[in-house]
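K.L.:
Could you build the full structure based on these sequences and the hints that come with them?
Number of protein chains: 2
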Amino acid sequence: MAGDTHIDRLIGLFSRLPGLGPRSARRAVLHLLKQRESMMLPLATAIQAAAENVKTCEICGNLDTVSPCAICTDTRRDPAQICVVEEVGDLWAMERSRNFRGRYHVLGGVLSALDGRGPEALGIEKLVNRARDEAVMEVILATNATVEGQTTAHYISERLKDAGVKTSRLAHGIPLGGELDYLDDGTLGAALASRQYY
Amino acid sequence: MAGDTHIDRLIGLFSRLPGLGPRSARRAVLHLLKQRESMMLPLATAIQAAAENVKTCEICGNLDTVSPCAICTDTRRDPAQICVVEEVGDLWAMERSRNFRGRYHVLGGVLSALDGRGPEALGIEKLVNRARDEAVMEVILATNATVEGQTTAHYISERLKDAGVKTSRLAHGIPLGGELDYLDDGTLGAALASRQYY
Numbered sequence: 133m134a135g136d137t138h139i140d141r142l143i144g145l146f147s148r149l150p151g152l153g154p155r156s157a158r159r160a161v162l163h164l165l166k167q168r169e170s171m172m173l174p175l176a177t178a179i180q181a182a183a184e185n186v187k188t189c190e191i192c193g194n195l196d197t198v199s200p201c202a203i204c205t206d207t208r209r210d211p212a213q214i215c216v217v218e219e220v221g222d223l224w225a226m227e228r229s230r231n232f233r234g235r236y237h238v239l240g241g242v243l244s245a246l247d248g249r250g251p252e253a254l255g256i257e258k259l260v261n262r263a264r265d266e267a268v269m270e271v272i273l274a275t276n277a278t279v280e281g282q283t284t285a286h287y288i289s290e291r292l293k294d295a296g297v298k299t300s301r302l303a304h305g306i307p308l309g310g311e312l313d314y315l316d317d318g319t320l321g322a323a324l325a326s327r328q329y330y
Numbered sequence: 133m134a135g136d137t138h139i140d141r142l143i144g145l146f147s148r149l150p151g152l153g154p155r156s157a158r159r160a161v162l163h164l165l166k167q168r169e170s171m172m173l174p175l176a177t178a179i180q181a182a183a184e185n186v187k188t189c190e191i192c193g194n195l196d197t198v199s200p201c202a203i204c205t206d207t208r209r210d211p212a213q214i215c216v217v218e219e220v221g222d223l224w225a226m227e228r229s230r231n232f233r234g235r236y237h238v239l240g241g242v243l244s245a246l247d248g249r250g251p252e253a254l255g256i257e258k259l260v261n262r263a264r265d266e267a268v269m270e271v272i273l274a275t276n277a278t279v280e281g282q283t284t285a286h287y288i289s290e291r292l293k294d295a296g297v298k299t300s301r302l303a304h305g306i307p308l309g310g311e312l313d314y315l316d317d318g319t320l321g322a323a324l325a326s327r328q329y330y
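Chains as they are written, first to last, in my numbering: chain W, 133 to 330; chain R, 133 to 330.
Keep in mind the hints are simulated off the structure, nothing from the lab. Here the structure is a predicted model, which is why all the values come from computation and not from measurement. Using N, Cα and C, we set each Cβ at its ideal position, and we do this for glycine too. Please note that a few of the clues may not be correct.
The following label-pair restraints were derived from C-beta to C-beta distances [stated by the list, open to error]:
{"id": "1", "chain 1": "R", "residue 1": "308", "chain 2": "W", "residue 2": "258", "range": "49 to 59 angstroms"}
{"id": "2", "chain 1": "R", "residue 1": "211", "chain 2": "W", "residue 2": "173", "range": "30 to 40 angstroms"}
{"id": "3", "chain 1": "W", "residue 1": "150", "chain 2": "R", "residue 2": "314", "range": "49 to 59 angstroms"}
{"id": "4", "chain 1": "W", "residue 1": "312", "chain 2": "R", "residue 2": "314", "range": "37 to 47 angstroms"}
{"id": "5", "chain 1": "W", "residue 1": "206", "chain 2": "R", "residue 2": "245", "range": "45 to 55 angstroms"}
{"id": "6", "chain 1": "W", "residue 1": "173", "chain 2": "R", "residue 2": "166", "range": "23 to 33 angstroms"}
P.N.:
Following this line, the structure appears as structure tokens:
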């Protein structure tokens, strides 16, 4: 591509990142090569440091430098609620929204016969055991509103039936600022079905 | 963002790359953390290696592990033509298109009073001296079709007046596969002005 092996190798690796194609990978690499001291070397160091120091939390599956993670050990957080998300990125999204003060369980994916991903791969046994703890009152299933996400949520709700907790899932409806005209029928239907009375 | 300093630092650096926003930076970092052995550590090593080994060619400004670069020292390439491009990325584009077999001069930008980038910053003196070499017959100005690019090309063409070389610039016109209906007036006008007779 660039003719030089070091550059080509770097572009190749960058282009394998999600959201980066060969073109944006080339731009990124050129950008780095233009700013070696201020960007390129710090990036190499930061990647190395993160790779060595970031662990998966043994309790919830979150990523942190410590395990159990800062959320699991934060005593100001409500131990009564566990929010089940598919990926760490979803956990981050929840945290950014600042609407949830409980703890998490990160599945690390969804049930998938195709990829041979079963309940054990998603740590559902571990979740059920956590739910059995009398401190836990509710498990909120915050999987994506996809077929796989909803199937996984349904399966988990079944598994939690005799765990002595309330099980809930996020509401479907019109996104804030969403225009009916641009909404898909499914969302519109869900919003209508779970309409709220004044 | 992610709460963890190592991860946040990494996301911060990624989000400063061109074409990556905070969101795609988060996705990229999560992707890396999920594949440490196969992606994350190799990437850190590759960045380090490139940062240490890639130099700017003392003749043309290209990036390569050797200086003079592989293109400048490639005896199969035509020494009679020098193609002037703004950035190394443009040189790569020319090389990918396999249409040019001469050598290059990479400006590393365009003339800009705003950024205080003058002729010396673009190595134009060096280019003029190369053009004076009797082996060099033509300088092709392949700057972008932007105002700055064209201004820079015009300035260089003036500087080359007494260097004893032909000076040319890339043709403007309809891109291959381009539909008139979607073309801007400027391009259409240029295509019409430089129409070719059968």
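K.L.:
With reference to the structure, classify each hint as holding or not holding.
P.N.:
We went through each hint and held it up to the structure:
no.: 1; hint: R/308 x W/258: 49 to 59 angstroms; in the structure: holds (58 angstroms)
no.: 2; hint: R/211 x W/173: 30 to 40 angstroms; in the structure: holds (36 angstroms)
no.: 3; hint: W/150 x R/314: 49 to 59 angstroms; in the structure: violated (30 angstroms)
no.: 4; hint: W/312 x R/314: 37 to 47 angstroms; in the structure: violated (31 angstroms)
no.: 5; hint: W/206 x R/245: 45 to 55 angstroms; in the structure: holds (54 angstroms)
no.: 6; hint: W/173 x R/166: 23 to 33 angstroms; in the structure: holds (24 angstroms)
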